[in-house]
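Engineer: Letter by letter, the chains look like this.
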Amino acid sequence: MKKRALFTLAVSTLFVGLQAVGGSSSVQAAEKTIKFGAPLPLTGALAPEGIKIQRGLNLWMDTANAKGGIKVGNERYKIKIIYQDYQSNTPRAVQTAEKLITDDKVNFLFSPFGSGATKAASGVSEKYGIPTIASTASSEAVYNQGYKYLFGTFTPNITLTQPLTDMVIAKRPETKTVAILARNDFFPLAIANVMKKSAAKRNLKMVFFEKYAIGTMDHSSALVQMKAAKPDWIFATGYLNDLILIRNQMSELGVKVPVLTMVAGPAYKEFIDGTGKLAENITSAAWWHPAVRYNGKGVMGKTENFNKLFKAKYNLVPDYAEASATAAGIIFQLAIETAGTLDHKKVRDALATMDTETFFGPIKFGANGQISSLKPPVFQIRGGKPLVVYPDVIKQIDLKFGIK
Amino acid sequence: MLYLQILLNGLLLGGLYALIAVGFSLVWGVLNVINILHGTFIVLGSYIAYFAHLYFGIHPFASVIISGSVLFCLGYVIQAGIINRVVAAPVLMTLTLTFGLDLLLNNAMLIAFTADYRKLILTDSLGSYDLWGLILPLNRVAGVGLAALLTFGLYRLLRDSNIGRAIVAVRMDREAATLMGVRVNRINAVTFALGALMAGAAGSIFSIIYPISPINSGLFLGKAFVICILGGLGSVPGAMIGGIALGVIESYGALFFGPEHSTTLAFVILIALLIFRPTGIMGRKGYE
Amino acid sequence: MKKIAIFVAIVALLALPYFGNNYIVRLATVMMMYSVLALSWNFIGGMAGYPSFATAAFFGIGAYVGAILQANGIFFGAAWFAAGLIALIFAAIMGRAILHLRGHYFAIASLVMVEVLREVVNTNDQITGGGMGMNIPILKISVEASGMLFYYSMFVVALLTLATASWVYHSKLGFGFRCIQQNEAAANMLGVDSTKYKTIAFSLSAVFVGMAGAIYASWVNYIEPPDVFDIFLTIKPVVMVLLGGMGTVFGPIIGAVAFLALEEIVWRNFLTIHSAVLGLLIVLLVLFLPKGALFFDYRQFFRGRKK
Chain A
1 MKKRALFTLA VSTLFVGLQA VGGSSSVQAA EKTIKFGAPL PLTGALAPEG
51 IKIQRGLNLW MDTANAKGGI KVGNERYKIK IIYQDYQSNT PRAVQTAEKL
101 ITDDKVNFLF SPFGSGATKA ASGVSEKYGI PTIASTASSE AVYNQGYKYL
151 FGTFTPNITL TQPLTDMVIA KRPETKTVAI LARNDFFPLA IANVMKKSAA
201 KRNLKMVFFE KYAIGTMDHS SALVQMKAAK PDWIFATGYL NDLILIRNQM
251 SELGVKVPVL TMVAGPAYKE FIDGTGKLAE NITSAAWWHP AVRYNGKGVM
301 GKTENFNKLF KAKYNLVPDY AEASATAAGI IFQLAIETAG TLDHKKVRDA
351 LATMDTETFF GPIKFGANGQ ISSLKPPVFQ IRGGKPLVVY PDVIKQIDLK
401 FGIK
Chain B
1 MLYLQILLNG LLLGGLYALI AVGFSLVWGV LNVINILHGT FIVLGSYIAY
51 FAHLYFGIHP FASVIISGSV LFCLGYVIQA GIINRVVAAP VLMTLTLTFG
101 LDLLLNNAML IAFTADYRKL ILTDSLGSYD LWGLILPLNR VAGVGLAALL
151 TFGLYRLLRD SNIGRAIVAV RMDREAATLM GVRVNRINAV TFALGALMAG
201 AAGSIFSIIY PISPINSGLF LGKAFVICIL GGLGSVPGAM IGGIALGVIE
251 SYGALFFGPE HSTTLAFVIL IALLIFRPTG IMGRKGYE
Chain C
1 MKKIAIFVAI VALLALPYFG NNYIVRLATV MMMYSVLALS WNFIGGMAGY
51 PSFATAAFFG IGAYVGAILQ ANGIFFGAAW FAAGLIALIF AAIMGRAILH
101 LRGHYFAIAS LVMVEVLREV VNTNDQITGG GMGMNIPILK ISVEASGMLF
151 YYSMFVVALL TLATASWVYH SKLGFGFRCI QQNEAAANML GVDSTKYKTI
201 AFSLSAVFVG MAGAIYASWV NYIEPPDVFD IFLTIKPVVM VLLGGMGTVF
251 GPIIGAVAFL ALEEIVWRNF LTIHSAVLGL LIVLLVLFLP KGALFFDYRQ
301 FFRGRKK
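Protein chains in written order, with this note's numbering: chain A, 1 to 404; chain B, 1 to 288; chain C, 1 to 307.
One chain only, chain A, in its complex shape (with noise of 0.2 Å):
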């Protein structure tokens, strides 16, 4: 009994103990802030990607706090971003997007990670009339839904394979065939339809289409099919690490083809890290990528300098994740100054008709909420660095054929 009671004891302790450090965490700040609520992907699965948008989002915060804030009317506020782990579980994020805004009360959102969590999480800001953005999202069902309050920063996922696969046509008329591997999840099965229509549309046959789980741990079952309908271009789908296993196990296999493209990873340093000399020649797409060159409005001015800002701070090479981020945070602070007020309603007018240009690119919305200006570069690994082959006017390198 005795020690039954000393536990109890212990135990409450612990919770005064874990009420006291929630309770300092949320006393108010003395300056005028902005609450905008991130709920992201911190631990799990997706934890790598969480993180990412959560260095982008934090060196808008600080750049735009170092210099004021954000200018309403005549006031400045500063700015706060409340971050919640959901543990890369998508029902939770749901859950989660909902804490923020009926229990923090934050101002804006911004969406959680990848096209499936924020078409989960859309229909809870729409609820609430909270403009938000979603900084991962590409399939086009997540803005097709008729939502009011959900912008986007990614194009649809077509806007990425028809430039590769026009160009890879216009280098090397001779392709002809092309074999997919594509993991059963949202976004990898996506753009992998999306690659068989554009296919389809250059008439290219498709020799070999399989997805593959969650979870898989070996490959080489569909490499060694790939390997004998001998395509000329391989189109592997999926995240960091199915897509360094894929590389991995194509070479232990001796599969060769002419054309590798990968996404989405390829853009990300741990993948050259993680692939070393078999990165080379991989081609992909991104919706953003360090060599554009925007002269850009907002807190971080020209592309360039947001490249040295993000270097100094983490002192990385940002990608178009970590990019894409920090820009949902301006576009959000050129809305509400434009708008001058923190009025919702407002505030989405002012997203709705935006029309300006970032780093990150020119910055307009389509009807559904999803931006329409954007023209997503093409690029190559070579030399251990990914560098643009398509557009021309931004085009670092010319595109080479040849996986070994």
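All clues stand as given, with none of them false.
Below are the DSSO-like pairs computed for lysine-lysine, each with C-alpha atoms no more than 27 Å apart in a straight line:
(1) C/K140 - A/K148
(2) A/K256 - A/K277
(3) A/K269 - A/K375
(4) C/K140 - A/K127
(5) A/K201 - A/K375
(6) A/K67 - A/K308
(7) C/K196 - C/K172
(8) A/K197 - A/K375
(9) A/K35 - A/K345
(10) C/K140 - A/K346
(11) C/K140 - A/K345
(12) A/K395 - A/K375
(13) A/K105 - C/K140
(14) A/K78 - A/K364
(15) A/K127 - A/K346
Going by beta-carbon spacing under 10 Å, a handful of chain A positions derived as facing chain B:
(16) L42
(17) N184
(18) M217
(19) S220
(20) V224
A few chain B positions that, by computed beta-carbon distances, are all more than 10 Å from chain A:
(21) I58
(22) V77
(23) G81
(24) A142
(25) D173
(26) I269
Read the hints as simulated data drawn from the structure, not as lab findings. Quick caveat: nothing in here was measured; it's all calculated off a predicted structure. Every residue, glycine too, gets a C-beta built ideally from N, C-alpha and C.
Got chain A; can you put chains B and C on it based on the hints?
Structural biologist: Relative to chain A, chains B and C alone:
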């Protein structure tokens, strides 16, 4: 040739799978503890190999010794210090305990190493060998060879050493072993530590094949479960057979039904096996 | 005393949506859901002593059956009910197949069911949307009204589960379950048809979980295989029942409430180390309170402190 190549791939994958399961099966069979920590132990072994290679240029096959010893010590401490307090409790209790410990250790690794995937790249990769059209991925072959060697080592240890015979005795009959003067608590700790050692060694070998991240621990744990049932609990040959069976089934499953169905197929076989032969392919009656 | 306590609790819970904000109502809905999961697992795991890991399988079946029916225009209430029924039938059939296994082997077989179902749902994308997930039609009612609807629905299922648990506990069925838990061979000799009883216990552990899964799917509007066939949905109820006390009627509810409180407090206050803190708490609870019965002896409390 395609079928032969896929058989070879399946066997190599199976060799790796076997290594995942050996330690897990041992702990489960002897201690009656389902060690949820096992997957995280493997990932920790991978990190040790990764950093040993990065900072000291040690080949992962050599760092098996380091990761094995570190995990042995960690396993001994965790068992003797924490799990032994409730080792006699029902299996759900120890399962919940190791589940809690796993949350703790995995989160610690997430903070220490971040969730970013890393990959150890060998500077002197062995490449592949073309044997009349049959491709042999040599790094993988070497890795599986080493895995077989380690597993055989464990097998001999259990059969031929005093401590090994004591472990087997505890597995067969805990009470009788106690009466015969076996110090069961010590045997428990050594067994758990051996299980962790095998996990660490597996981690080292895996570092040349799989990207490394704390996120992967659940994947390894899931495979360990399946293999244990396929092969039967608690015996080294059982885990070997179970692993190889799973590797081959998955490889042919991917060929015939498509890669998205290969794991489903393995599970269906597993359910069938559970219904008709619950002691596994190699299992003997009496260990349920 | 006991009746008064229950009555007060029910009235308080009924009134809750009129006092709490949306967040509180949402949390309370989760609490009801956790209670259903814990109470349900207690039938097979606590009372009959079979370590089932199939909770997530039933939950996922319920969620997908409910979602598919609603996507095809079935009224939501009917869809939820059908979800429970399908889960029940599935459990009865699977129970026949795997309940002859004991201990670990049963545990694994039930766990594998979760894995198989997840893969089956994942690959049949014509019906389930596969990896793309599934959207459930949103009800065209106000935020507050839908919050209340799901809360009260979950509440009703929780009450149903509790009533069933209480009835089973005091009936011949509960006696049979406990016999099986103590000694199955002896139970058979006493004339307890153990196969039949085990199948009943397994089915009872499925039906309400299936309904909760369907309500959950309607509530979050979007489901995908890894989320509704989540291994945590299987493990959490076990932890809850251990916290509250195995094989009792009210224990699972106490455990569910305590677990949710821990989870929520830890999650809100520790951004990146919440799972470590939760892990630590679980370890401490197992080591120092292995009998469950959190904080106070609630059975004595209900009996009015008679010794």
